[in-house]
Structure formats: structure tokens, C-alpha cells
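Here's the letter readout for the chains.
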Amino acid sequence: MTYLRPTIRHPESPRNALGYTRQYYEGALSTLCAGCGHDSISGAIIQACFELAIEPHRVAKLSGIGCSSKTPTYFLGNSHGFNSVHGRMPSVATGAHLANRDLIYLGISGDGDTASIGMGQFVHALRRNLNITYIVMNNGCYGLTKGQDSATADEGSVNKAGHTNPFHGIDLAGLAIELGATFVARSFSGDKGQLVPLIKAALSHQGFALIDVLSPCVTFNNNPGSTKSYDYVREHIEATAAVDYIPEKAEITAQYAEGDACVVTLHDGSRVVLRKLDPAWEPASRAAAMMRLHEARQRGEILTGVIYLEPAGRDLHAMLNTARLPLNALQEKDLCPGSSALERINAENR
Amino acid sequence: MSILVNDFVVRFANVNGTGSASANTLFAKSVFRMGIPVTPKNIFPSNIQGLPTWYEVRVNERGYLGRRAGIDLLVGVNPQSMAADVRSVRPGGYFLYDSSRPLDPTLLRDDIHYIGIPMILLCQKHFEVPRVQQLLKNMVYIGALTALLDIEMDVVKQLVVEQFRKKEKLVASNHLALDLGWQYAREHYECPLPIRVERRDKVGDHIMMSGNTACALGAIYGGATVAAWYPITPSTSVVDAFEKYAHRLRTDPETGEKKFAIVQAEDELAAMGIVIGAMWNGARAFTATSGPGVSLMNEFLGLAYFAEIPAVLIDVQRGGPSTGMPTRTQQSDILLAAYASHGDTKHPLLFPATPTECFEMTADAFDLAERLQTPVIVMTDLDLGMNEHLTPPLRWDDARRYDRGKVLDAEALESIQSWGRYLDIDGDGIPYRTIPGTHPTKGAFFTRGSSKDEYARYTEDGEAYRRNMDRLLKKWQTTRALVPAPEFFQPQANHPEAMVFFGTSTYAALEALDELRVLDIPMDAMRLRAFPFSEVVRDFLEQHERVYVVEQNRDAQMRSLLLIELGISPQKLIPVLQYDGFPITAAAIVSQIAQYHPEAADLRSSNGHSAALSAAQKH
Numbered sequence: 078m079t080y081l082r083p084t085i086r087h088p089e090s091p092r093n094a095l096g097y098t099r100q101y102y103e104g105a106l107s108t109l110c111a112g113c114g115h116d117s118i119s120g121a122i123i124q125a126c127f128e129l130a131i132e133p134h135r136v137a138k139l140s141g142i143g144c145s146s147k148t149p150t151y152f153l154g155n156s157h158g159f160n161s162v163h164g165r166m167p168s169v170a171t172g173a174h175l176a177n178r179d180l181i182y183l184g185i186s187g188d189g190d191t192a193s194i195g196m197g198q199f200v201h202a203l204r205r206n207l208n209i210t211y212i213v214m215n216n217g218c219y220g221l222t223k224g225q226d227s228a229t230a231d232e233g234s235v236n237k238a239g240h241t242n243p244f245h246g247i248d249l250a251g252l253a254i255e256l257g258a259t260f261v262a263r264s265f266s267g268d269k270g271q272l273v274p275l276i277k278a279a280l281s282h283q284g285f286a287l288i289d290v291l292s293p294c295v296t297f298n299n300n301p302g303s304t305k306s307y308d309y310v311r312e313h314i315e316a317t318a319a320v321d322y323i324p325e326k327a328e329i330t331a332q333y334a335e336g337d338a339c340v341v342t343l344h345d346g347s348r349v350v351l352r353k354l355d356p357a358w359e360p361a362s363r364a365a366a367m368m369r370l371h372e373a374r375q376r377g378e379i380l381t382g383v384i385y386l387e388p389a390g391r392d393l394h395a396m397l398n399t400a401r402l403p404l405n406a407l408q409e410k411d412l413c414p415g416s417s418a419l420e421r422i423n424a425e426n427r
Numbered sequence: 323m324s325i326l327v328n329d330f331v332v333r334f335a336n337v338n339g340t341g342s343a344s345a346n347t348l349f350a351k352s353v354f355r356m357g358i359p360v361t362p363k364n365i366f367p368s369n370i371q372g373l374p375t376w377y378e379v380r381v382n383e384r385g386y387l388g389r390r391a392g393i394d395l396l397v398g399v400n401p402q403s404m405a406a407d408v409r410s411v412r413p414g415g416y417f418l419y420d421s422s423r424p425l426d427p428t429l430l431r432d433d434i435h436y437i438g439i440p441m442i443l444l445c446q447k448h449f450e451v452p453r454v455q456q457l458l459k460n461m462v463y464i465g466a467l468t469a470l471l472d473i474e475m476d477v478v479k480q481l482v483v484e485q486f487r488k489k490e491k492l493v494a495s496n497h498l499a500l501d502l503g504w505q506y507a508r509e510h511y512e513c514p515l516p517i518r519v520e521r522r523d524k525v526g527d528h529i530m531m532s533g534n535t536a537c538a539l540g541a542i543y544g545g546a547t548v549a550a551w552y553p554i555t556p557s558t559s560v561v562d563a564f565e566k567y568a569h570r571l572r573t574d575p576e577t578g579e580k581k582f583a584i585v586q587a588e589d590e591l592a593a594m595g596i597v598i599g600a601m602w603n604g605a606r607a608f609t610a611t612s613g614p615g616v617s618l619m620n621e622f623l624g625l626a627y628f629a630e631i632p633a634v635l636i637d638v639q640r641g642g643p644s645t646g647m648p649t650r651t652q653q654s655d656i657l658l659a660a661y662a663s664h665g666d667t668k669h670p671l672l673f674p675a676t677p678t679e680c681f682e683m684t685a686d687a688f689d690l691a692e693r694l695q696t697p698v699i700v701m702t703d704l705d706l707g708m709n710e711h712l713t714p715p716l717r718w719d720d721a722r723r724y725d726r727g728k729v730l731d732a733e734a735l736e737s738i739q740s741w742g743r744y745l746d747i748d749g750d751g752i753p754y755r756t757i758p759g760t761h762p763t764k765g766a767f768f769t770r771g772s773s774k775d776e777y778a779r780y781t782e783d784g785e786a787y788r789r790n791m792d793r794l795l796k797k798w799q800t801t802r803a804l805v806p807a808p809e810f811f812q813p814q815a816n817h818p819e820a821m822v823f824f825g826t827s828t829y830a831a832l833e834a835l836d837e838l839r840v841l842d843i844p845m846d847a848m849r850l851r852a853f854p855f856s857e858v859v860r861d862f863l864e865q866h867e868r869v870y871v872v873e874q875n876r877d878a879q880m881r882s883l884l885l886i887e888l889g890i891s892p893q894k895l896i897p898v899l900q901y902d903g904f905p906i907t908a909a910a911i912v913s914q915i916a917q918y919h920p921e922a923a924d925l926r927s928s929n930g931h932s933a934a935l936s937a938a939q940k941h
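Chains A and B, in that order, give the protein sequences. Sequential numbering of the first sequence, starting at 78, is according to the numbering used here. Sequential numbering of the second sequence, starting at 323, is according to the numbering used here.
Treat the hints as calculated values from the structure; they're not laboratory data. Predicted model, so just to flag it, every value in this text is computed and none were measured. There could be a bad hint or two in this list.
[Stated by the list, open to error] Simulated coverage check for chain A against chain B, where a stretch passes if three residues somewhere in it have a Cβ under 8 Å from a Cβ of chain B: (1) 127 to 137; (2) 146 to 157; (3) 169 to 175; (4) 409 to 417.
We treat Cβ as the ideally placed atom computed from N, Cα and C, and that holds for glycine.
Kindly produce the complete structure, drawing on both the sequences and the hints.
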């Protein structure tokens with residue numbers, strides 16, 4: 078962890094469209110281990126929000142319990158945060174979103190928080206297509222309790238204590254595609270070039286956007302034999318495509334080879350350009366996405382990038398047909414039917 | 323036998339899922355429309371179709387609305403339960419049955435009267451479709467009762483018209499079935515029976531409503547926009563009613579847009595999580611559940627207590643522990659709710675006794691929860707929630723404004739130099755909170771269930787932790803003055819003994835007080851309406867030598883709570899309990915209290931209609 082951070086800022090630090098520097102999107106000093114993958118993800122979140130020129134007070138960041146869930150303290154210090162209880166962030170985020178549909182919701186979770194104790198809530202937030210960016214900082218182990226295997230630890234992976242995991246690892250991306258998620262991506266904490274545009278695209282996506290980020294635990298799961306170590310992940314990742322995020326009003330300036338680039342327009346008008354490494358891959362096909370995940374796993378490869386994307390899905394508010402004005406902005410006159418309506422109800426019950 | 327006017331109990335024994343509920347409700351509503359106080363109670367199985375179900379109606383013109391043991395007339399149309407049903411009739415009472423087939427001779431008792439009505443034969447003669455014959459059989463016995471008990475047929479028929487307002491063609495056949503039963507009874511029996519009704523003017527402007535419906539209306543009027551829940555008996559109809567009225571009162575007729583959101587959650591944990599997320603974000607939200615759901619919600623209740631997030635929970639209590647008796651009533655979640663979750667936690671509880679109070683207290687719960695920034699639990703029960711009760715009309719003051727508590731808006735944040743989420747500025751233990759998205763640069767903080775200092779910063783400093791816990795206790799003291807005061811039933815302490823009760827025990831307790839007076843055991847009485855207990859509760863207990871605490875659970879949980887919180891001498895508080903899953907009766911209260919009054923024994927044995935006798939008649 079870092080104990081010191083310079084307080085002096087260069088006066089010519091770049092500013093975004095709102096006039097904020099990148100530092101404005103930072104949070105408190107991290108108390109995670111030095112070299113923790115989670116801190117890199119926090120950095121990518123800061124970078125993405127800075128580049129998107131998001132107003133920090135329009136973001137609500139929510140988390141569960143664990144190393145991953147501590148990180149919202151370390152980014153977006155000017156945003157409201159909610160560190161809830163273990164595995165229950167999805168329900169809190171659901172309630173928060175129902176109350177105010179106009180904020181941007183960023184859910185931070187870990188593999189224990191999501192794939193074990195929180196599996197029930199995770200899958201139900203998914204099937205409701207809650208409009209949230211849900212980042213899993215996935216290191217395959219429980220850090221705060223000193224390195225136990227988690228449910229995403231791969232079968233055969235060896236942990237620091239030398240124990241070989243006999244259980245099948247849960248693939249959160251595959252599960253999410255199966256359960257109807259509308260944006261499913263996987264990335265690596267060490268690949269900021271890929272992670273930042275993915276986060277920007279996820280934040281712009283209207284609906285449930287899962288980013289499963291492999292984020293090695295330097296203290297408990299970075300040993301030889303682990304399939305979630307820095308070395309192992311670097312050696313085995315295979316990207317679906319290079320990802321470019323193009324804001325709403327910007328022109329697509331880069332040249333893409335015919336047939337290789339797939340442009341997906343998101344709900345807010347921004348676009349995601351996927352420069353495909355396999356021309357046969359279609360990001361809008363659930364079946365094809367599942368197939369690619371399975372094939373990659375058989376080859377011992379970790380598939381990263383956007384795996385599935387369906388920009389036109391209806392989110393929870395659309396399904397419930399809630400009022401356009403946020404529910405938390407409604408006043409007595411909108412909500413209370415008054416005494417005359419109550420008199421009618423009394424009369425019906427006599 | 324003597325004539326019993328407007329003072330009897332009729333029980334209907336039916337098969338679950340045969341359409342008897344609407345016919346039986348019609349009976350109760352007819353008595354109500356004749357101006358006579360009436361108490362219907364469903365005694366139903368945890369089953370969809372096929373098992374025995376009972377509907378018990380107490381008619382009492384003196385206004386005693388508690389359950390009374392001893393059945394004066396039983397309508398027995400369920401072969402499965404018939405033997406037990408016959409046995410349950412009090413000596414001298416009546417057993418009304420379908421005489422289309424002869425009654426099993428082993429069911430004959432020589433101390434009760436039998437009234438045979440050939441219900442299904444009459445239906446077969448007048449209606450073609452077998453399903454219709456079965457359904458209208460219920461109306462035939464209502465018609466017979468109309469004659470036997472001297473109910474005004476016009477009243478019954480008018481209710482049928484109202485019931486089938488949207489299916490008018492069903493009115494004629496239902497009316498015919500009523501007439502068939504009525505005529506048969508008139509031709510074959512001396513009508514009316516010695517038990518009968520006579521029109522009165524004793525219900526005033528009261529309404530008939532279930533507590534669950536009233537809670538739902540309380541949530542509508544209280545401004546709830548988010549309802550999250552998981553289906554569980556006996557609370558399900560709270561959200562059903564919320565949806566019905568929200569659809570009617572909160573949906574834009576043009577766009578269909580809803581000024582509310584209802585989420586059927588994956589479990590009770592998620593239901594409470596959604597409520598907490600919504601209220602953290604400035605909307606009013608609630609959930610309704612029963613004991614098993616409260617057990618699951620413990621984790622989140624602790625979070626909301628410690629992170630100081632408002633929440634409203636309606637606990638419609640049922641028989642516990644575990645799955646317990648899911649379709650029977652109890653007041654057995656008191657301690658669970660009061661101290662829900664690990665660590666030092668306490669939660670304000672409200673104890674409505676009537677549907678009217680369900681409405682008021684649910685609406686008030688939102689104000690209280692936001693004022694106190696903590697979960698507030700409305701403690702009703704199956705009896706109150708699922709049965710229709712005679713209750714004063716619901717009232718709403720249009721000048722009332724929601725109390726959103728200490729919430730800083732953008733303007734307030736702008737003018738404040740330094741703000742701490744958990745700073746006690748006013749000395750009442752209640753800090754100021756902010757809602758996400760309020761101000762571009764001020765008011766953001768990190769909500770957490772872990773220890774923090776006054777500025778919401780994580781800390782493991784013991785002193786800061788203790789300061790926070792002590793402030794929460796100060797807030798608890800503030801709570802005492804904000805929750806509803808108890809109700810007293812005499813101007814001042816008059817007697818050395820007193821009775822304490824709450825919730826649905828109130829009906830039977832008030833009747834028991836009258837009976838005890840007749841037995842020359844007069845006492846004062848206090849109805850608890852909330853936890854934490856205010857000073858007047860302590861004063862009342864201290865002013866009396868012996869206090870009977872009436873409740874519907876095995877372990878005298880309210881008594882324990884009084885002992886724990888007020889430090890009263892345990893010898894002083896005498897438990898008076900009923901926990902068989904049926905609503906408590908006055909007889910049960912009187913007989914338990916009478917044990918402490920041996921001097922009243924002679925009086926009891928000489929009184930023909932005594933409490934001891936009533937207790938012996940209990941099913």
C-alpha cells in the first residue's frame with residue numbers, strides 16, 4: 078500500500094470537458110497490498126470517469142464486503158458510496174436505482190462476494206437487467222481471511238498453501254450470458270488499455286453490464302500453480318477484439334479494415350468499436366458467445382474483451398413502467414391521494 | 323332455551339377452495355349492515371385446495387370483537403371434519419348440515435339440535451352445471467341462515483348485487499339459491515331460532531377491513547414508492563393490496579406510468595436490501611413479511627441500524643418457531659424484532675390493535691423512520707392482518723406534510739462549512755444526512771456497516787466507536803418521546819392490579835376487563851402501542867402491585883421486554899398467555915387471572931355464564 082501521495086498538482090494537468098482534473102476523481106489512499114490488482118482497476122475506473130467527464134455526484138458506487146468492496150473508498154471521493162453487507166450489494170443497488178433512475182450506478186464486488194455468498198442476488202439483479210455497471214474484481218481467493226479458495230478458483234489451481242482446488246470454477250461471464258445479461262465482458266487488471274474503454278462502454282450501456290476482471294491477489298494467489306497469478310493470466314489471455322469507445326458526438330476517426338470492425342451503438346448514442354480478432358465472432362449472439370467461452374476454456378485460454386453485447390434490452394424501469402421523474406423526487410401531491418379518495422375507500426368497505 | 327339476540331357464534335366448516343369464502347363473508351357483512359358488531363375469523367389450512375377450513379363469526383351487540391370459544395351454530399358441510407365439528411357445538415346448540423344424504427348416525431348427539439337442508443338436491447333441481455351446483459350450495463345455506471337467524475333478506479340480496487356488480491348475470495342465480503334455502507328453512511323449521519339477530523344502530527360509521535389492506539393504504543398515504551417483498555403467509559396480501567390501490571391511485575391514466583415500483587424479490591434478504599437501498603437514496607420504501615422473513619432480514623436490519631438508514635418493515639406475525647403454524651396467529655416475534663441482528667441493536671416497534679391503527683401506524687412509520695434514520699417495524703399479526711375487522715373509518719388530514727427528517731438539500735449544503743454525517747449537532751443523537759446526487763461538490767460520504775467516526779470515515783479507534791454507540795443510545799432516548807404513547811383505560815390509577823396488553827390481544831382484554839369487574843376483580847389497564855417504552859409505561863407499572871401482561875406467545879416476550887428495558891421486579895409482572903394459534907379469548911384471560919383470586923372462586927361457580935365455563939368450552 079501507499080502511505081504518501083503528493084498533494085501538489087501540476088497546474089497544467091489535463092482537464093476534462095467539465096474542467097476537472099483526473100485527481101478530482103480519486104478517492105482516499107488505498108489500504109490494499111502493494112501490487113494488488115484491485116488498485117489497478119480503481120485506477121481504470123478513475124481514468125474512465127475522468128475521460129467520460131462524468132459528474133462525480135451523479136455516480137453512486139456500491140459494494141459488498143471483501144478486499145474488492147473496500148475499493149470504492151479509493152476512487153470517486155466526490156461520489157456517494159455504500160459499502161453494504163456481504164453478497165447483498167445487488168439488492169441495495171436495485172433499491173437505490175428504483176429510487177432514482179437518473180444516477181449512474183457502479184457496483185463493485187469480488188469473487189467471494191458475487192459467486193458464493195452473493196450468488197442469489199447477483200443472478201436476480203442480472204435477470205432484472207438492472208441498469209448498473211457491475212465490476213467483479215476476481216482473484217479466485219478470499220484475501221481478508223488469508224487466502225481460502227473462492228468459487229471462481231479454477232479446478233486444479235494450486236493456492237499458496239499448496240492445496241489443489243478439486244472443484245469446478247464458476248465462470249461468471251458464461252453464467253451472465255446464460256441468465257440474460259445484456260453486456261458481458263472480461264478483462265485483466267494488468268491491461269488498462271483494454272479495461273478503460275470497457276468500463277466506459279459499460280457505464281454508457283443501459284442495462285446490466287458485467288465486467289469480470291481478473292485481478293491477481295499478490296499476497297495469497299500469485300504463486301506458481303495458481304491460474305489467477307499475474308504470470309499465468311498474462312500467458313493465457315486471448316482477446317475477442319480490441320475495444321475502442323467512441324463518445325456520442327465524436328467522429329470515428331480511426332481506420333478499420335473492412336469486415337473486421339463491428340460498431341455497436343449504445344443507448345446514449347456512444348459507440349463501441351470492436352476490432353475483431355476472429356472475423357466469425359458475433360457479439361450479439363448469445364449462443365456464439367457461449368461457444369467461444371467454452372472453446373477458449375478447452376484451449377486453456379482466458380477470453381477477454383466484450384464477449385456479449387445487446388444494446389437494445391429493456392432495463393428494470395422499462396419493464397416496471399415507472400415514472401420518468403425519479404421516484405425520490407415525487408412529492409406529497411404526487412403520492413398522497415388525499416382525504417376524499419380515502420372517504421370513497423371507506424364507503425366501499427361498509 | 324333462552325333467547326340469545328345478537329350474542330352468538332356461528333362457525334362454518336368448509337372444504338378449502340370450494341368458493342365458501344365469499345358466501346361466508348356475505349353472512350358476516352349482512353349482520354354488519356344490520357348495524358350489529360360482528361367479528362369474522364378465517365381459520366384456514368396451509369393448503370390450496372381440499373383440506374378443512376373454518377370461518378367463525380361472532381355476533382355481539384355489546385361490541386366485544388375478540389374471539390369467543392363455544393359454538394352456538396355450526397354449518398357443517400365438510401365430511402372430513404364433520405365428526406369433530408359436531409363435537410364442537412356447545413350443548414343446546416345447532417348443527418346445520420346438507421341433508422341431501424342421510425346423516426351418519428354416529429354423528430348424532432342428543433344434546434344439540436340438527437337442522438337438515440337438502441342443499442345439493444335443491445341445487446340439482448334448479449341449476450344445470452355441476453360446478454354451479456357446488457358453488458350455489460353455499461348460497462343455499464346462507465339463505466337458510468337468513469331465515470333461521472332472522473337476517474333481513476333485502477340486506478343479503480343487496481350485498482349480492484354489489485358483489486357481482488361486474489358480473490350481473492350471476493345475481494339472479496345467487497338470489498334464487500338464497501331463496502331456496504330460505505324457503506326450505508321456513509317450511510321445515512320454526513324460524514327464527516332462539517339465537518337470532520335484530521337490527522341495531524351499533525356500528526356507526528365503522529368499516530369492515532383487514533389489517534393488511536389498511537397497512538397497504540397506510541403505505542400509499544405515507545408516500546411509499548418502492549415496495550420489495552417475498553411472498554409469505556400471512557403478509558402477502560399487504561403487497562397485493564398495495565399494488566391494487568397503487569394501480570388505482572398512482573398510475574398515470576394517459577401514459578400508464580407508475581409512481582411506484584414493486585419488486586418481488588428473490589428472498590427476504592433482498593427485499594430488505596431493496597428497501598434500504600431505496601431509502602438511502604431518498605425514496606420511501608417498505609417490505610412486508612412474517613417471522614421467517616424477519617429472521618432472514620436480521621443482517622440488513624443491523625446494517626440499517628448502524629449505518630442509520632430509514633426502513634419500514636411490516637411484520638405480520640404467525641405461529642413460530644421455524645415454519646411453525648403458518649396459517650395461525652401469534653404475537654411471538656416481539657423479542658426477535660426488538661433486538662434484530664447481532665451486536666447491540668434495538669429497533670422501534672409499533673403495535674397496532676385495529677385496521678385503523680394499521681393504516682395510521684404504517685403511514686407514521688415512514689415519518690418515524692426518516693426522522694430517526696432507522697428501521698421501524700409495524701408489528702401486526704395474522705388475526706389482524708388477514709381477517710376483516712369492524713374498525714373506525716380511515717382518516718387523513720390533507721394539511722399533513724411528510725416528515726422527511728434531517729435531510730440536507732443543496733441549499734443547506736451550500737451554506738454549511740463543515741458537515742459530518744454522524745455529528746450530533748442538535749443533542750438529540752440524530753445526525754444530518756444527505757441524499758446522493760444532491761450537490762455537485764458537497765455532501766458525498768461513504769455509507770458503511772463498519773465502525774466510523776463522526777465524519778463517516780472508517781475507524782477502528784475504540785473511543786470513536788464508543789462515542790458513536792453512545793450517540794445511537796441517545797437517539798434511542800429521543801425515540802421514546804416520538805413513538806405513540808400507551809392508551810389507558812381509566813383516568814388515574816384506581817386499583818392495585820392492572821392489565822397490560824397490545825395488538826390483537828386488546829379485543830379479548832377489554833372484554834375480560836368487563837368480565838373481571840363482574841367477578842369483583844376490577845383492575846386498571848394499559849395498552850402498549852410502541853417500543854421503546856416511554857416513562858409513563860414505567861410509571862404505570864410502578865403504580866400497581868401486580869400487573870398481568872397479556873400476550874399470544876409461550877415465553878411472555880413482552881413481559882421480558884418490559885423487564886429488560888424498565889428494570890421492573892419480575893415478581894410483579896404476571897404472564898397471561900395463549901399460544902395455540904387461535905386468537906386469544908376473554909375467557910382465557912379471565913381464567914388465568916382468576917387463579918390469583920381464590921376469593922372469587924365461589925362467585926365464578928355460581929355464575930351460569932362464567933369465565934370458567936367458557937374456558938372449558940374451548941375447542
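Taking the hints in turn, this is what the structure says about them:
no., hint, result
1, 127 to 137, "holds (count 5)"
2, 146 to 157, "holds (count 6)"
3, 169 to 175, "holds (count 7)"
4, 409 to 417, "holds (count 7)"
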